[in-house]
Amino acid sequence: MPELPEVETIRRQLAPGLKDRPIQDARTHESHKFTPAKDAVGTTVLTVKRKGKYLIAPLDDGRELIIHLGMTGALAIAPALPRDPYVRAWWQLDGDEFLVYRDVRRFGRIRCVPAGQYSAMPTLAGQGPDALSPDFTPAGFHLALGESRRRIATQLLSQRPVAGVGNIYGTEALWMAGVHPAKRRISRPTAERLHGAVVQVLEAGLANGGTTLRDYRNAKGAPGRHQHALACYGRSGQPCLRCARPLQHRVYDGRTLAFCPQCQPR
DNA sequence: CGCAGCGCCTGAAGGC
DNA sequence: TGCCTTCAGGCGCTGC
Numbered sequence: 018m019p020e021l022p023e024v025e026t027i028r029r030q031l032a033p034g035l036k037d038r039p040i041q042d043a044r045t046h047e048s049h050k051f052t053p054a055k056d057a058v059g060t061t062v063l064t065v066k067r068k069g070k071y072l073i074a075p076l077d078d079g080r081e082l083i084i085h086l087g088m089t090g091a092l093a094i095a096p097a098l099p100r101d102p103y104v105r106a107w108w109q110l111d112g113d114e115f116l117v118y119r120d121v122r123r124f125g126r127i128r129c130v131p132a133g134q135y136s137a138m139p140t141l142a143g144q145g146p147d148a149l150s151p152d153f154t155p156a157g158f159h160l161a162l163g164e165s166r167r168r169i170a171t172q173l174l175s176q177r178p179v180a181g182v183g184n185i186y187g188t189e190a191l192w193m194a195g196v197h198p199a200k201r202r203i204s205r206p207t208a209e210r211l212h213g214a215v216v217q218v219l220e221a222g223l224a225n226g227g228t229t230l231r232d233y234r235n236a237k238g239a240p241g242r243h244q245h246a247l248a249c250y251g252r253s254g255q256p257c258l259r260c261a262r263p264l265q266h267r268v269y270d271g272r273t274l275a276f277c278p279q280c281q282p283r
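Going by this note's numbering, 89 is the number at position 72 of the first sequence; the sequence numbering is gapless.
Each statement offered as a hint is correct.
With a straight-line Cα cutoff of 30 angstroms, these simulated DSS-like cross-link-like pairs (lysine-lysine) come out:
no. : residue 1 : residue 2
1   : LYS237    : LYS50
2   : LYS50     : LYS68
3   : LYS237    : LYS68
4   : LYS66     : LYS55
5   : LYS66     : LYS36
6   : LYS66     : LYS237
7   : LYS68     : LYS36
8   : LYS68     : LYS55
9   : LYS237    : LYS55
10  : LYS50     : LYS66
11  : LYS200    : LYS68
12  : LYS36     : LYS237
13  : LYS36     : LYS50
14  : LYS36     : LYS55
Label-pair ranges, simulated between beta-carbon atoms:
no. : residue 1 : residue 2 : range
15  : ALA246    : MET88     : 20 to 28 angstroms
16  : ARG259    : SER136    : 40 to 48 angstroms
17  : SER204    : TYR269    : 16 to 24 angstroms
Hints were generated in silico from the structure; no laboratory data involved. Model, not experiment: these values are computed from the prediction. Virtual Cβ for every residue (Gly too), placed ideally from N, Cα, C.
Based on the sequences and whatever the hints tell you, model everything.
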């Protein structure tokens, strides 16, 4: 499930190969989630940026091609179209190369919009500062968390106080900061601790090329390595790496969270 | 307006 | 072996 480290890994791999490349043709799976990919035909890609989990490619006509990878989305530049039933979109570049979007479960989506006009993608439009940008500050994070009474785990996944965190890195950050996932009121010192943990966990994930539990592959088709570094996610029942007591798991707002009842008091 | 709940998707894994 | 159920979960949408 691509979160910030996985999306940034893909962005870094794709950007050099896509910069200044014309989009000559495109085809998609017949779903409104993917058909807007064809709107980019006839333009040239200027660069590839990222905001949270969204890849954003500014085009030379003032629009942006936006790609969200959902749960199982993957991108690669290929010299030919692969025979693969899960390719949901592809763009033909110059020199007989293709940008190929593969997404088994079709949770991803593609849009082509005037630059900065994100009303068709409300999560992108309303999301907070990117977790690895200088705009993500402890003070701002504390302030943003205070605007909602939802559980802290739910807030992290909402992309509103900070953009780029999903269930894996959110679980890790809460464990590292010693914050119970169901906590609703976050003090200033706790927010500062959690801010540091979010940054640290995402940077570690990025340094390891992302987390591959099952589906994630980078733009070269290789898995990440951060799954070997996870301290809490998916370790329910196993000993906490800090206090050795068994980690627990519980479902909050429809998502399974692992945590240490000792190190993450309510 | 905030937010809880649901639907979208498919393959893997577990139960019988 | 094979069928059925459950699970994974980000995000958009609906309705309270």
